[in-house]
Amino acid sequence: MAKILAIESSCDETAVAVVDNGKLLANVVATQIAVHEKFGGVMPEIASRLHSENITVCLEQALDESKLSFEDLDAIAVTRGPGLIGCLHVGLQAAKTIAMLYDKPLIPVHHLAGHIYANEYIGELKFPLLCVVVSGGNTELVYMKGHMDFDIIGATTDDAVGECFDKVARVLGLPYPGGLPIDLHAKKGKHTYDLPHPNPGAGKYDFSYSGLKTAVINLAHNLRMKGEAVNIDDMARSFEDVAIGMIVDRAMAAAQDYHVKQIVLAGGVSANSYLREQMKLRVEGTGIELIVPPLWCTTDNAAMIAKVGEHLYERKYFAPLSLGVDPNWKIDEQLTLLKQS
Amino acid sequence: MYVLAVDTSDKYLFVCLYRDAEVLASTCYEAWQRQSEYLVEEIAKLFQETKVEKRELNAVISTCGPGSYTGVRIGLTVAKTIAFALKVPLYLASSLEALQKFPSTCICLANARSKRSYFGVYSNGVCLEPDCIKTNEEVRAYIAEHPDYLLSGDLGYLGLEGASYDPKDAFLHFLDDAHRCKEVHAARPIYLKDDYSTTNMKTIVRRTIPSDLSFIAEIERTCFNPPYDEKQLMYELNENPYSHMYTAVVESEVVGYVDFMITFNSASILRIAVKESFRKKGVGNLLLGQVLKDCEAQKGDPVEYLTLEVRESNAPARAFYKKHRFEAVTTKKGYYDDGEDAIYMVRCLIHG
Numbered sequence: 001m002a003k004i005l006a007i008e009s010s011c012d013e014t015a016v017a018v019v020d021n022g023k024l025l026a027n028v029v030a031t032q033i034a035v036h037e038k039f040g041g042v043m044p045e046i047a048s049r050l051h052s053e054n055i056t057v058c059l060e061q062a063l064d065e066s067k068l069s070f071e072d073l074d075a076i077a078v079t080r081g082p083g084l085i086g087c088l089h090v091g092l093q094a095a096k097t098i099a100m101l102y103d104k105p106l107i108p109v110h111h112l113a114g115h116i117y118a119n120e121y122i123g124e125l126k127f128p129l130l131c132v133v134v135s136g137g138n139t140e141l142v143y144m145k146g147h148m149d150f151d152i153i154g155a156t157t158d159d160a161v162g163e164c165f166d167k168v169a170r171v172l173g174l175p176y177p178g179g180l181p182i183d184l185h186a187k188k189g190k191h192t193y194d195l196p197h198p199n200p201g202a203g204k205y206d207f208s209y210s211g212l213k214t215a216v217i218n219l220a221h222n223l224r225m226k227g228e229a230v231n232i233d234d235m236a237r238s239f240e241d242v243a244i245g246m247i248v249d250r251a252m253a254a255a256q257d258y259h260v261k262q263i264v265l266a267g268g269v270s271a272n273s274y275l276r277e278q279m280k281l282r283v284e285g286t287g288i289e290l291i292v293p294p295l296w297c298t299t300d301n302a303a304m305i306a307k308v309g310e311h312l313y314e315r316k317y318f319a320p321l322s323l324g325v326d327p328n329w330k331i332d333e334q335l336t337l338l339k340q341s
Numbered sequence: 001m002y003v004l005a006v007d008t009s010d011k012y013l014f015v016c017l018y019r020d021a022e023v024l025a026s027t028c029y030e031a032w033q034r035q036s037e038y039l040v041e042e043i044a045k046l047f048q049e050t051k052v053e054k055r056e057l058n059a060v061i062s063t064c065g066p067g068s069y070t071g072v073r074i075g076l077t078v079a080k081t082i083a084f085a086l087k088v089p090l091y092l093a094s095s096l097e098a099l100q101k102f103p104s105t106c107i108c109l110a111n112a113r114s115k116r117s118y119f120g121v122y123s124n125g126v127c128l129e130p131d132c133i134k135t136n137e138e139v140r141a142y143i144a145e146h147p148d149y150l151l152s153g154d155l156g157y158l159g160l161e162g163a164s165y166d167p168k169d170a171f172l173h174f175l176d177d178a179h180r181c182k183e184v185h186a187a188r189p190i191y192l193k194d195d196y197s198t199t200n201m202k203t204i205v206r207r208t209i210p211s212d213l214s215f216i217a218e219i220e221r222t223c224f225n226p227p228y229d230e231k232q233l234m235y236e237l238n239e240n241p242y243s244h245m246y247t248a249v250v251e252s253e254v255v256g257y258v259d260f261m262i263t264f265n266s267a268s269i270l271r272i273a274v275k276e277s278f279r280k281k282g283v284g285n286l287l288l289g290q291v292l293k294d295c296e297a298q299k300g301d302p303v304e305y306l307t308l309e310v311r312e313s314n315a316p317a318r319a320f321y322k323k324h325r326f327e328a329v330t331t332k333k334g335y336y337d338d339g340e341d342a343i344y345m346v347r348c349l350i351h352g
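Taken in order, these protein sequences are the chains called A and B. Its first residue numbered 1, the first sequence is counted upward by one per residue in the working numbering. Its first residue numbered 1, the second sequence is counted upward by one per residue in the working numbering.
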């Protein structure tokens, strides 16, 4: 095993982590650093998306916490995609610069592979497994026969589930991001509103969220136009039942058809308490094990990138310094990017 | 002393390794969008070719804008990561001053798009005109007034020819205290703002851009409880497909904004605010005018109603809406987090 430094900058968090032989030595996320205090206000946009301003601060803190220097590392892992192109650039440039200066191997990591492997901080992955990847940008069922072997068997045909939560929250006047507020209101509500169970489209394991979103918007608007108040708790409950129900149904169907040993949840929406609860109920008595990621791994971080980095390090999956970002990188291409040596 | 220079602020990829004032090796070509892929590799090649040990580098110098947003960020990220990792000084120069030819007096220019230029004038290292944005018309006039000044930069977009891009010599002049970056972590790109020469208050309403959001968040904090933070604003701007945001700008200062949603046949104003010192100057009228304009522009399913909620206690805002023909329809009990009621106001758009 190895000492690996990982960098994640695919969206709005600049994050750096260090692992040593599976042990997490540092896990820094930019918004958690009191940059203001440290630099007396020279960096005013502390929680901003300006990764280029945060990156060296995060690197420094990660080295401090892990009590290592760049020389001590065995490899640099970095999120290469998917994500926002301008954000991905910064992490990649920093990773390549360190790899170049210290002659360390560079390991390109898929962001969602990171979310899946975050579960290794909780338990061992047992194959074959089904991964339920649910976030602001993704709704996918990924089948894995073995490590780093990703096969997408179902996906959303339109919006991602997290996106749908955010939009519904907006219509209900709840804050962004919408996942937690809807979850909280739903706990207090009853399923009283009649919302359509959207047709999944092409495949048996596919999802569709745009119809559900439109139905909520229309219903809320019609009520408002009539001067009737929307019962936010009940609407949240009704919506969550349908939105999460779709995930649970598809996931269980796929898990049984593919005879998996394990189901793992990944991505921001896996923080949803109703999803966690329903999945637990549904796997009971089936002999399928469920792994639920720790809450800190449902948001973006570099510890999960480091986890994937360890697996790829063993396979000597190293990229040249001319590596570029890929904002639309597909997870089943994680291993096909480079010829393995 | 070994010094590495980096410039990717425009279409070029430029890297150069110096030993004192001597150029050991350099690379310069048009890389366009491929700077992200090639820059680090090109730096590695310089060290290989010259057999200089990478970690013996004594200083890094980079441009920090103005120029291509992505390009500036790529070069600066690499430069500051090197300076941080090796604990060596970082020197920063403006992308325009890097274009000057010593010892001449140079008008340094770069294409800022939308018929505008990044403009700066330098004479033997001394800045005569600080970097700013000018319209191409103003630039041409300045050039005509100063026929003895050398033009530098890629001026094809102006139909002119400038001294060709080769900053090897210029960079050597910037290794001084004035260019030294005091705090490497804080090194950040410089983005120039438009310079409006009019002395009267000229308010411009335009679509909101991400760099407005920190200023908007500041206005939020003084106007709303609870305020949106930058993250929520970024969501409104980039991800909420129904949301429209406009910013009111006076002399490059963000003074107000509006955020509204059009959903099918109705629209609702989520946020409208003007900085305290700019109130009662018609900024709100302009912002509301923009909302109405966008509503009217929707064909097919015309927008019939424009709605909003306002705090019961906010008399100036209610008066403003009343003036603009909003009618109070209902009171929403306990609408706000602190328990205050909201007045729900509607303006009908179909009959004018």
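It is possible that some hints are incorrect.
As the list claims (entries may be wrong) - Listed below are the simulated DSBU-like cross-link pairs for lysine-lysine, each with C-alpha atoms no more than 30 Å apart in a straight line: (1) A:Lys280 with A:Lys316; (2) A:Lys187 with B:Lys322; (3) B:Lys322 with A:Lys226; (4) B:Lys54 with B:Lys231; (5) A:Lys190 with B:Lys333; (6) A:Lys187 with B:Lys332; (7) B:Lys323 with A:Lys226; (8) A:Lys104 with B:Lys182; (9) A:Lys104 with B:Lys51; (10) A:Lys316 with B:Lys54; (11) B:Lys323 with A:Lys3; (12) A:Lys226 with B:Lys168; (13) B:Lys231 with A:Lys187; (14) A:Lys3 with B:Lys322; (15) B:Lys323 with A:Lys316; (16) A:Lys3 with B:Lys202; (17) B:Lys332 with B:Lys275; (18) B:Lys299 with B:Lys333; (19) A:Lys67 with B:Lys323; (20) B:Lys323 with B:Lys115; (21) A:Lys316 with B:Lys115; (22) A:Lys226 with B:Lys332; (23) A:Lys261 with A:Lys280; (24) A:Lys190 with B:Lys332; (25) A:Lys330 with B:Lys231; (26) B:Lys202 with B:Lys293; (27) A:Lys145 with A:Lys316; (28) B:Lys45 with A:Lys3; (29) B:Lys281 with B:Lys202; (30) A:Lys23 with B:Lys333; (31) B:Lys280 with A:Lys104; (32) A:Lys188 with B:Lys299; (33) B:Lys333 with A:Lys188; (34) A:Lys188 with A:Lys280; (35) A:Lys188 with A:Lys3; (36) B:Lys54 with B:Lys11.
The hints are simulated quantities; they were obtained by calculation from the structure and are not laboratory data. Owing to the predicted nature of the structure, the values given are computational and were not obtained by experimental measurement.
For each hint, the structure was consulted:
Proximity of A:Lys280 to A:Lys316 is assessed by CA-CA distance (about 37 Å); at most 30 Å being required, the pair is judged violated. A hinted pair counts as satisfied when its Cα atoms are at most 30 Å apart, and A:Lys187 with B:Lys322 does not qualify at roughly 39 Å. Distance restraint check for B:Lys322 and A:Lys226: the Cα-Cα separation of roughly 22 Å lies within the 30 Å cut-off, and the hinted pair is therefore satisfied. Distance restraint check for B:Lys54 and B:Lys231: the Cα-Cα separation of roughly 39 Å exceeds the 30 Å cut-off, and the hinted pair is therefore not satisfied.
Distance hint between A:Lys190 and B:Lys333 is fulfilled; the C-alpha atoms sit about 22 Å from each other, no more than 30 Å. Taken as a hint, the A:Lys187 and B:Lys332 pair is honoured in the structure, with Cα atoms around 23 Å apart against an allowance of 30 Å. Among the hinted pairs, B:Lys323 with A:Lys226 is consistent with the structure: their alpha-carbon atoms are about 25 Å apart, no more than 30 Å. With a C-alpha separation of about 29 Å, the suggested pairing of A:Lys104 with B:Lys182 holds against the 30 Å cut-off.
Our distance criterion of 30 Å between C-alpha atoms is met by A:Lys104 and B:Lys51, whose separation comes to about 18 Å. Of the supplied pair hints, the one linking A:Lys316 and B:Lys54 holds, its CA atoms being roughly 24 Å apart against a limit of 30 Å. Between the alpha carbons of B:Lys323 and A:Lys3 the distance comes to roughly 66 Å, so the proposed pair goes past 30 Å and is violated. Restraint check for A:Lys226 and B:Lys168: not satisfied, since their Cα atoms lie roughly 71 Å apart, outside the 30 Å limit.
Restraint check for B:Lys231 and A:Lys187: the C-alpha separation of about 26 Å stays at or below 30 Å, so the hint holds. A threshold of 30 Å between alpha carbons decides the hint, and for A:Lys3 with B:Lys322 the separation of about 65 Å lies outside it, so the pair is violated. For a cut-off of 30 Å, the pair hint linking B:Lys323 to A:Lys316 is broken: about 70 Å separates their Cα positions. Among the hinted pairs, A:Lys3 with B:Lys202 is inconsistent with the structure: their alpha-carbon atoms are about 58 Å apart, more than 30 Å.
Restraint check: the Cα-Cα separation between B:Lys332 and B:Lys275 comes to about 27 Å, which is no more than 30 Å; the hinted pair holds. The suggested pairing of B:Lys299 with B:Lys333 is violated, with an alpha-carbon distance near 35 Å, which exceeds 30 Å. Using a Cα cut-off of 30 Å, the hinted pair A:Lys67 and B:Lys323 is violated, with the two alpha carbons roughly 64 Å apart. In summary, the hint linking B:Lys323 to B:Lys115 is not supported, as the alpha carbons are separated by about 39 Å, beyond the 30 Å threshold.
For the hint pairing A:Lys316 with B:Lys115, the CA-to-CA distance comes to about 50 Å; that exceeds 30 Å, so the pair is violated. For the hint linking A:Lys226 to B:Lys332, the alpha-carbon distance of about 14 Å falls within 30 Å, and the restraint holds. Using a Cα cut-off of 30 Å, the hinted pair A:Lys261 and A:Lys280 holds, with the two alpha carbons roughly 14 Å apart. For the hint linking A:Lys190 to B:Lys332, the alpha-carbon distance of about 22 Å falls within 30 Å, and the restraint holds.
Between A:Lys330 and B:Lys231 the CA atoms are separated by roughly 26 Å; this keeps the pair inside 30 Å, and the hint holds. About 20 Å separates the Cα atoms of B:Lys202 and B:Lys293, which keeps this hinted pair within 30 Å; it holds. This hinted pair checks out: A:Lys145 and A:Lys316 have alpha carbons roughly 20 Å apart, not beyond 30 Å. Restraint check for B:Lys45 and A:Lys3: satisfied, since their Cα atoms lie roughly 27 Å apart, inside the 30 Å limit.
A hinted pair counts as satisfied when its Cα atoms are at most 30 Å apart, and B:Lys281 with B:Lys202 qualifies at roughly 11 Å. In summary, the hint linking A:Lys23 to B:Lys333 is not supported, as the alpha carbons are separated by about 53 Å, beyond the 30 Å threshold. Restraint check: the Cα-Cα separation between B:Lys280 and A:Lys104 comes to about 61 Å, which exceeds 30 Å; the hinted pair is violated. Restraint check for A:Lys188 and B:Lys299: not satisfied, since their Cα atoms lie roughly 40 Å apart, outside the 30 Å limit.
The suggested pairing of B:Lys333 with A:Lys188 holds, with an alpha-carbon distance near 19 Å, which does not exceed 30 Å. Using a Cα cut-off of 30 Å, the hinted pair A:Lys188 and A:Lys280 holds, with the two alpha carbons roughly 21 Å apart. Taking the CA atoms of A:Lys188 and A:Lys3, the gap is about 47 Å. The hint is violated against a cut of 30 Å. Under the criterion of a C-alpha separation no larger than 30 Å, the hint pairing B:Lys54 with B:Lys11 is consistent with the structure, at around 26 Å.
In terms of the numbered hints stated before, the structure departs from hints 1, 2, 4, 11, 12, 14, 15, 16, 18, 19, 20, 21, 30, 31, 32 and 35, listed from lowest to highest.
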